[in-house]
Structure formats: C-alpha cells, structure tokens
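K.L.:
Below, each chain spelled out in residue letters.
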Amino acid sequence: MTKSYDVVMVGGGHNGLICATYLAKAGRRVLVLEANEQLGGGAATREFHPGFSVSACAQWMYSLNPTIAKDLNLASHGLQYAAKNLHSIALAKDAKHVTITGEGGVEGVSAQDKAAYREFRRKMGKFSKLLDKLFTVRPPKVIENNWTDRINLLKIGLGVKLLGKADMYELLRLGLINMFDVMEETFDDELLKSLISFDGVLGAHMGPRSPGTVYGYLYRHMGDVYGFNGPALVKGGMGSVGVALANAATAAGVEIRSAARVKSIDLTAERASGVTLENGESISATLVVSNADPKTTFNNLVGRRNLETNTVRRVKNFRTKASAAKLHLALDGLPEFTGLSAGQVGNRLVIAPDMHHIERAFNCAKYGEFSTAPVLDISIATVHDKGLAPEGKHVLSAIVQFAPGQLKAGWTEATKNAFKELAINTIADYAPGIKELIIASELLTPADLEGEYNMTDGHWHHGDISLDQVVMMRPFPGSEQYGTPVDGLYLCGAGAHPGGNVMGLAGKNAANEIIKRGGSA
Amino acid sequence: MKKYDAIVIGAGHNGLTNAAYLAKAGLDVLVLEMNSYIGGATVSRELHKDWKYTNCSYVCGLLRPEINRDLELPRHGLQVVPYGGGVTFMENGDYYGNFSDHNRQHREMARHSVRDANAYERYGADVTKQTRLIRKFLLRTPPDPASWKMSDIKEMMVLAKTVMDMKTDVNFGDTLKYWTKSVGDFLDEYFESDIIKAHLGGTGIIGTALGVYSPGTAYVLLHHYMGDVDGTAGAWGFTRGGMGAVANALASSFKSFGGEIRTDAKVKQIMVRNGKTTGVALEDGTEFYADIVVSNLEAKRTFLGIMDEKDLPEYVIERAKNFKSRGSSGKVNIALDGLPTFPALPKGTPLMAGDFHFTDSLTRMEKAYDDWKDGNFSRDPYVDTLIPTLTDPTMAPPGKHMMTCFVQYCPPKIQGREWTDADRDAFGQTVIDQVANYSPDFKDLILHAEVRTPREIEAEIGLTEGNIFQGELTFDQLFSNRPFPGYGQYRGPVKGMYMCGSSTHPGGGVMAAPGANAAREILIDLKRNNTVPEGYADD
Numbered sequence: 001m002t003k004s005y006d007v008v009m010v011g012g013g014h015n016g017l018i019c020a021t022y023l024a025k026a027g028r029r030v031l032v033l034e035a036n037e038q039l040g041g042g043a044a045t046r047e048f049h050p051g052f053s054v055s056a057c058a059q060w061m062y063s064l065n066p067t068i069a070k071d072l073n074l075a076s077h078g079l080q081y082a083a084k085n086l087h088s089i090a091l092a093k094d095a096k097h098v099t100i101t102g103e104g105g106v107e108g109v110s111a112q113d114k115a116a117y118r119e120f121r122r123k124m125g126k127f128s129k130l131l132d133k134l135f136t137v138r139p140p141k142v143i144e145n146n147w148t149d150r151i152n153l154l155k156i157g158l159g160v161k162l163l164g165k166a167d168m169y170e171l172l173r174l175g176l177i178n179m180f181d182v183m184e185e186t187f188d189d190e191l192l193k194s195l196i197s198f199d200g201v202l203g204a205h206m207g208p209r210s211p212g213t214v215y216g217y218l219y220r221h222m223g224d225v226y227g228f229n230g231p232a233l234v235k236g237g238m239g240s241v242g243v244a245l246a247n248a249a250t251a252a253g254v255e256i257r258s259a260a261r262v263k264s265i266d267l268t269a270e271r272a273s274g275v276t277l278e279n280g281e282s283i284s285a286t287l288v289v290s291n292a293d294p295k296t297t298f299n300n301l302v303g304r305r306n307l308e309t310n311t312v313r314r315v316k317n318f319r320t321k322a323s324a325a326k327l328h329l330a331l332d333g334l335p336e337f338t339g340l341s342a343g344q345v346g347n348r349l350v351i352a353p354d355m356h357h358i359e360r361a362f363n364c365a366k367y368g369e370f371s372t373a374p375v376l377d378i379s380i381a382t383v384h385d386k387g388l389a390p391e392g393k394h395v396l397s398a399i400v401q402f403a404p405g406q407l408k409a410g411w412t413e414a415t416k417n418a419f420k421e422l423a424i425n426t427i428a429d430y431a432p433g434i435k436e437l438i439i440a441s442e443l444l445t446p447a448d449l450e451g452e453y454n455m456t457d458g459h460w461h462h463g464d465i466s467l468d469q470v471v472m473m474r475p476f477p478g479s480e481q482y483g484t485p486v487d488g489l490y491l492c493g494a495g496a497h498p499g500g501n502v503m504g505l506a507g508k509n510a511a512n513e514i515i516k517r518g519g520s521a
Numbered sequence: 001m002k003k004y005d006a007i008v009i010g011a012g013h014n015g016l017t018n019a020a021y022l023a024k025a026g027l028d029v030l031v032l033e034m035n036s037y038i039g040g041a042t043v044s045r046e047l048h049k050d051w052k053y054t055n056c057s058y059v060c061g062l063l064r065p066e067i068n069r070d071l072e073l074p075r076h077g078l079q080v081v082p083y084g085g086g087v088t089f090m091e092n093g094d095y096y097g098n099f100s101d102h103n104r105q106h107r108e109m110a111r112h113s114v115r116d117a118n119a120y121e122r123y124g125a126d127v128t129k130q131t132r133l134i135r136k137f138l139l140r141t142p143p144d145p146a147s148w149k150m151s152d153i154k155e156m157m158v159l160a161k162t163v164m165d166m167k168t169d170v171n172f173g174d175t176l177k178y179w180t181k182s183v184g185d186f187l188d189e190y191f192e193s194d195i196i197k198a199h200l201g202g203t204g205i206i207g208t209a210l211g212v213y214s215p216g217t218a219y220v221l222l223h224h225y226m227g228d229v230d231g232t233a234g235a236w237g238f239t240r241g242g243m244g245a246v247a248n249a250l251a252s253s254f255k256s257f258g259g260e261i262r263t264d265a266k267v268k269q270i271m272v273r274n275g276k277t278t279g280v281a282l283e284d285g286t287e288f289y290a291d292i293v294v295s296n297l298e299a300k301r302t303f304l305g306i307m308d309e310k311d312l313p314e315y316v317i318e319r320a321k322n323f324k325s326r327g328s329s330g331k332v333n334i335a336l337d338g339l340p341t342f343p344a345l346p347k348g349t350p351l352m353a354g355d356f357h358f359t360d361s362l363t364r365m366e367k368a369y370d371d372w373k374d375g376n377f378s379r380d381p382y383v384d385t386l387i388p389t390l391t392d393p394t395m396a397p398p399g400k401h402m403m404t405c406f407v408q409y410c411p412p413k414i415q416g417r418e419w420t421d422a423d424r425d426a427f428g429q430t431v432i433d434q435v436a437n438y439s440p441d442f443k444d445l446i447l448h449a450e451v452r453t454p455r456e457i458e459a460e461i462g463l464t465e466g467n468i469f470q471g472e473l474t475f476d477q478l479f480s481n482r483p484f485p486g487y488g489q490y491r492g493p494v495k496g497m498y499m500c501g502s503s504t505h506p507g508g509g510v511m512a513a514p515g516a517n518a519a520r521e522i523l524i525d526l527k528r529n530n531t532v533p534e535g536y537a538d539d
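Taken in order, these protein sequences are the chains called A and B. Heads up: the first sequence is residues 1 to 521, going by full-length UniProt numbering. Heads up: the second sequence is residues 1 to 539, going by full-length UniProt numbering.
None of these hints come from the bench; they were simulated from the model. Watch out, some of these pointers could steer you wrong.
Every beta carbon over 10 Å from chain B, so not counted as near; a handful from chain A, in silico [claimed, not checked]: (1) Ala69; (2) Gly339; (3) His384.
For lysine-lysine, the following DSS-like pairs were computed, each having C-alpha atoms within a straight-line distance of at most 27 Å [to be verified]: (4) Lys154(B) / Lys155(A); (5) Lys165(A) / Lys154(B); (6) Lys165(A) / Lys310(B); (7) Lys408(A) / Lys373(B); (8) Lys133(A) / Lys154(B); (9) Lys324(B) / Lys114(A); (10) Lys367(B) / Lys408(A); (11) Lys316(A) / Lys367(B); (12) Lys93(A) / Lys373(B); (13) Lys3(B) / Lys527(B); (14) Lys276(B) / Lys155(A); (15) Lys321(B) / Lys114(A); (16) Lys324(B) / Lys126(A); (17) Lys149(B) / Lys161(A); (18) Lys324(B) / Lys123(A); (19) Lys276(B) / Lys165(A); (20) Lys161(A) / Lys495(B); (21) Lys126(A) / Lys149(B); (22) Lys266(B) / Lys161(A); (23) Lys321(B) / Lys123(A); (24) Lys161(B) / Lys133(A); (25) Lys165(A) / Lys324(B); (26) Lys255(B) / Lys527(B); (27) Lys161(A) / Lys154(B); (28) Lys165(A) / Lys495(B); (29) Lys165(A) / Lys321(B); (30) Lys324(B) / Lys266(B); (31) Lys255(B) / Lys165(A); (32) Lys367(B) / Lys416(A); (33) Lys136(B) / Lys161(A); (34) Lys324(B) / Lys161(A); (35) Lys316(A) / Lys129(B); (36) Lys155(A) / Lys161(B); (37) Lys136(B) / Lys123(A); (38) Lys373(B) / Lys165(A); (39) Lys149(B) / Lys133(A); (40) Lys321(B) / Lys126(A).
The beta-carbon is built from N, C-alpha and C at its ideal position, and this holds for glycine as well.
Just chain A, same shape as in the assembly (with noise of 0.2 Å):
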C-alpha cells in the first residue's frame, strides 16, 4: 500500500485525463494509471512503419467541446490543428465527385439538390444544437424525484417547444428514424445520399436503412455546434491530443503514470476503495473512476462476482459490435485519384457510391463477415502535416467498413490480408497507381484495436450509439448518471453519455457529477 488519493483513475484516454483534470482543478488528489506507454487511448498517434505515423483510431477531429478545450487550455499546452474546415468528397468512378464544401455548401450536384443541402443542414444545425443541452449535462432520470433532472428535462423540452412548430414536427419525425428514407426524400443525387448517410453509419454496426442513423448523422455533426465546419487534422496526429490532455492534467496537479495497467477495482465493505496493478501494487482511493469500457470495467476490473445479477445481465447486454476497420499505408508519393488535384488530396475522401452500396457492405457485418465490396473513410494527413513522414513521402490511413470484431472465421493474418488486400483494390479503382506507391501497408482489425487501445471488442464508442444505448439508457439503467451499482465507483469513458468521438463531455460530465455529490457516492 503506497499513499492514498481522492481518486484513482483507471485509465489515460481522453475523457479520463479531462474528467481527472476537472477534478483535480477542484481541489482533488488525482492518479491518473494509463495501461500503454501513450497517452490518450483512442486518440493516438502510431508509427506503423519507421518514420511513418498516422493516427491510429480517430483520425478526424471534428468535436472536440469548445469549454473543455478553453477550460483546459489546450492550445497552450500544445494542441494545434494542421488543417481545419476540410471537405468531404465522395469519390465517383466516372470522376464526377461530390464535395461537401468545409463553408457548408454541397458541389457536383444540381442546383435543387443544393438548395435542399442548405435546407436540410439548416434543419440538422438546430437539431445539433439541442442536443448540445442535453450533451451537456448528466442524462435526466425520468422517473426519480430530483430537481436537477427535472430542471434540465424542462430546458430541453423548453428547447424543443422553442424549435418553432414545423421544426419541432420535422424533430419527432427524423429524430428516431433511419438515413435511407430521409435521403430518399430529400435528395435526387446518389452520391450524394451516399456521402450524407455514410456519416449515419460511420463506427456504427448499422446500415442506412437501421432506425436510429439520423442520431447517428446528428451525433457526428456536433462539431458544427462546437465551431467545426466539416473534419479538422491535428497536428502531430491524434496523439497530439493525449500529450496535450496530459499537459493540462499535469499542470492542474494530476500525477500521471503510464505503463501502469490496473487489474482489478478492489472493494471494501462493498464499496470501491482503490486499484490493483499488474505488477501487484495496491493503491487506495476514495472513489475509482473508469475511463476503461463498461464491459472492461465491471467484467474485468470489477469482476462480476461483486455484482448483483440484475448489473451481470444489463453489462451482458450493452452491445459493442464494433465494425470498423483501420488501413494504414506508407506511401513514396502523393497517390492520384481519378479527378482531383493534388490540393484535393487532403481532404475526406469517402468511397460510397450509393447507399445501396452500403446497405450490402452492412448484410455482411450482420452475419459476422466483412464487407465483400467495403467503404471507406480516407485521409492522406502529410498534406498538411510533413512531420508525419520522411520528406516527400505519404502516409495513407482510412476507416474500412464494414468488419466486425467477431468474425465468424476469426481475425486471422489469413482473413486480414484479404480484407486489407480488399480495400487497397477498392482505393485503387479510384486512385489506379497507388500500388505502385505502397512502402509498407496494416490493417488494424477491431480484435487489433482492442488489444493496442483496450477497447472490448475495438469498439471507438466503447459500445453501440443506436437508440437503445444513449443518453438515459447509456450504458444502461442504474449507470446512466456516471455513478454505477457499485458505490465510490463512477464511469466517464466513451460507455457513458454522450459517448464517443473525441468530444470530451463523458469526462466533464462525470467530474462535474462527482464534484456535486461532494465525493461520497
């Protein structure tokens, strides 16, 4: 037994270290345990091949909370962005490409349907900033008594109602429903139904048919709310954000040790009461918080003997069927795509053509296989950042749906070489000579992810964003206000509200959660 903290948390990703540094600017002895040597979990930086990096899991920023990053201070401590405001293109075989502009405007595609693209993000934009209030606070209980619940339930009502009536129509009609349909409605370009539904679906194990992807545009697009018009690059790759998180938690007076896997929550009298390391070192704490998953969390750390039946079955139950896929390239030169400039190079690329497309890669997802004929989320970075590769050379990284975490014929270097050997020819449909440029080439599975970042399953949400899972019923019932079943236990990582994506609020929520019940839970 060393000395002991206010709070012991398990884990250095990014919700982690700014619910640790919230706490700590609280007045709160804070240890922050990391289990890898970087810092940051999801958002890391990896050098796959020497002298070649790219950002390993996220590779967009575009949510990051605008307080936290001011409350934190980030831009001293180091976070900067080599590119902002960049476009989304959906590549098209026949060269006529579909950009979605980063000032908010939609090109290649006929004037109506640039109308109904103003219209309709119009529409999405007060939609995005509702559920900033209800991203913003803890998820409302609705049943209990409590006024800061009930206060925060009639704001958002409030919010709903001052939508104005054929908004607050258009809300309960697509808040619930699928992409497909709304595209089918709205747009007559395919490409472009495509572009819009595939961020519907991005990280998610569902197609634009599943009900529930219009939350999942939505969500993605919080960005625009918190002052990002389209994807942003940090500098130095995702990793950047961990190193800078980590300076500010620092600077607040949180003691950081990396290389320190925690492995198990220890309980006494059936209340957390600190943590276990690998090398055996004890350390006690008044309260635990897990930036780990839900599952990692109680399954592991927690152990499910130390839960009662009722938890067993609602952690069981939280889905993480994680679908996405990493592809990494190095590459001697700046690829060609059929129709774009080299300065287009550095935007999003999205291979998609048409949401059919996309329906298909997701059937197979459906039945444990990956994608015959994937999609894919590209970024060439080192069009805006040199540093993440030798001189005049390219580092390619993509998202390739769909893959699921459990594949029926498992993860295999057999299954993995096909699937990667599959999504380099798809790129190569749209950019012919890039084989020729290839220096070194991975594809990180979700089973790989889950090992390098300790995700269950790889999942970047730490469990699925579809409607069954979000806000009061994230993770799940009885954990949903960052307190779990087990006292001085609290949750702030990516399995709690609002969820993923590098937007930072699962950790403030959580450190303003546990600062307002004044420690003791």
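Fit chain B to the supplied structure of chain A, relying on the hints for placement.
P.N.:
Coordinates of chain B only, in the frame set by chain A:
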C-alpha cells in the same frame, strides 16, 4: 340527394367501427364501400365454390375488448375461438412446440435449452409490463406535443403521470430501451437457443419493412402482444366464419343504430367548399352530402387520391407523398383435400391447431429481409401458417381443410418494376415449397391456391403498395406522428374532414381502435355526448 350527418369512406373494420359509434350517438351515417363486399382486409369471401377463405387478415387478437362489448359484437354474431399451440420446424428434423399448458411449455423449452426455459418467465413478465403501458393509450387520442392547447397539455400530463406511476414497477429507461431496440437484440438478451428466438421473433417483423435486427422491431413485437381473447392477454383466436365475421358483426351493430351501407360505391373525391367538406362524389357521378366526411382509406390514398390538391396545405401534400407505406408481406391461401402430415410432429399433437413456422433462426429471418431490401421476395421467407379448419370446420367442405400462409417478405415492386403474374406464381411456389419441405404429402393435397402479393392487396383492398398496416409502424409514423406530425388527432386539414383508418394511432391490426378514437374526436367537435370508451378498462 339527401344530406347525411356523416359519410364514412370505406367499409373496413375501422370505417365500420367509426360509423357504428357515430350512429350510436344519434347521427345519420352513410358508409360507402368501393367493393361489392364490406370489410376491406377483414374479409371472408367465397372465391372458389364452397371455400370461404379468410382472405387477408387471418387471426383475431387485437380487437379491443372495450369495443367488442360496447358495440355488442357477440350479439351481432362475432364468436372468437382462442387457439393454442404453434410450432417452428427445424432444418435438422426436430421442432419447437409452443404449448398453452404452462408446464408442458416449460418442458418443451427445456428440451432445447434449460437456461431459456428459465428465462422465459422473466421474458413473459417483462413483455406484459410493457404492453400494459401501451395498452392504456390505445383508446386515447395522442396529444400534439407542439400545441399549447389545454387538451393537449392535459393529455401530455396524463402521459407523464403514467410514466411516473411506473416508478415501483419498471424503470422508464428500460421501457425506452424496449421501444427503441431490435427484436433480435431484445431476444438475445433473454435466450441462447436459435430456435426459441426464431419462434418468438417473427411477431417483430410481421407486416414490417424491417429486419429482426432493425432497431424499433421490439415495439412491433409488443404491438402483437397487446391483445387479448376472453381476458387472456396476448392470446389470439379465430373468428368463426373467418375474419369477415368481424366486419359483419360491426356492420350489423351499425345497422342496428340506423346506419346505411352502400357497396359498389367508389368515391372519386371529397368535396370541399370554403374550406369545409360538403360531401363526396362517386366515380359514377353520384354525390352524397354531409358536413362530416371520414376517410377509412390510408393516408396516401386519402390525400393524394380522393382530395383535390388545391384544398390541402402544401405540408399535407408533402407529408402524404413521403408517407411510408411500403408493402412487405404476401398471403397464400391453400385449399387442401385433407389434413397434411408433418412427420416431425408426434401423432395427435395439439400443436397442429396453432401457427406453423419454418424459419429456425434469426439469421434466416434477417436474410429474408435482405432480399426485400434488394427488391425481391424472400427466397427463404418467414411464413406464419395456420390451418383454421382444425378449430373452425365451417371454413371448408367436410373433410377438407384450408391453410392460410402469411408471408414475410414480399416487396411492392420487383427490383423496381411492376409485378407480373409469373412473379406472383413464383412467389406462391416458393411458399408451397417451403411447407412441402416439412410435409411430404402436402403438395398432393392442394386443390387450389390464392396468392396475394402487395400488387393484389393494393388492387383488391386499396391498401397503397400493399402495406397491411396502412403505413409502416416506424417511430416517425407512430402515436402523435401518425400519419404525420400535426395530424395525429384524426382531424384532417379541412374542416369536417376526419381520418379513421389504421394510418392513424394506434395503427394496424384488426384492433378497431383508430375508428373508435376518430369517432370520439368527431363527437367532441360536435359537442355531443362522448359515448366512445376511453383508456383501458382492465388491469
């Protein structure tokens, strides 16, 4: 022409229910039906001599008992005979049987999985809790959440209070989870055995253009558990004489209050003058007048078919155009020379009286949906088959049997083009082949068959794109949103015009609640005594 107090367009079960309540309240009501027979999809017709099929809807369970009692339907000839049992055949030659006897049911489940047999108690209790909550709102008019009207705010409070009252019962977070998750995920939470999940999961997709793993389908399952027969919650039964008996009893009740029905009267247009309805014009030029016109047609047909665009706000036209009513089901009715044998089943089993399914895993069900998404009928469809003649012998000549097969999935168009007769026959054959896989003598017993794809359903009954619920049961089209936001209270955009079909809350199934609810709103507008039952009588 004589002027009526109200005209109801369409003699489906909801139109008749609506008309019956209006007539009961003393109104002079005329019902107009385009076909030469009444009932819409609630119908029994003799298309082949001596064979009276229950052609479309085929079992009764959702019909609100309050309405049944209130309109004295049993006195008007409605007899619902509950049936038990049911079976899902497995590809490996085994089967899973669903017994009405509790202990036997437990033993049968345990034969497949002891864990599942134990989980079933919890499952049953949870489903019942959720349906209880929904049932309270079936015979209530949904509030308009955007309105500041006193009545809407009051109804929102009722809703809030009901939720709050659940405090000791279930956590509201859990309720929200049920409403938003997929039936596949829902069942995965309780059961481990594929066959048990498959047997239970079918009700989550019936009539729905969604798969078992599409979020929202758990609600569809609940929707099918909301009924009761003789006070047994969740039970289903056969109506003696087929589903047409429901329509006939409603019609008889309606006529006993002085109502009038005209068949072969196809409405061409709802007439509007100065923003008010004045009556309807038939295709043959006849006009009927009334200050109140109620449409039992689904939303698309109502607004885009029998109303003039110039009488409607742009919003209504836009919403009607985008109203989702894609058909996803087909129906095959088969006349049999005798009772087919199913060698997998023990002799003399009571299971034969219930539903037969041939899909033994959720994966097969989901794949059936993938075909629909691609614009094809399912190559390996989910079929809900019954032999009603085992319970009600009057449905076929002596010694013969009829079989009804409800089929999921069947698209409104084949890969974007219209159905052909050859497509329809291929569809029918797929279903017959599936049954024949489990019954070697089945094919030889077939005398004739009626095959209905969404094309036939639309042509015969007038359900756009053959959607059996008059519009899909997705979140954007439920409760206050049904048929569209701002019009969830049965009133149309023109004064005196109302909607009473399954396009309105609480949606499809032979429930009769939309018709009753619409009647209540009309009587309120007329400042008449509200004689329509409200809320939930039992529990």
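K.L.:
Check the structure against each numbered hint from earlier and tell me which ones fail, lowest number first.
P.N.:
Those not satisfied are hints 14, 22, 31, 37, 38.
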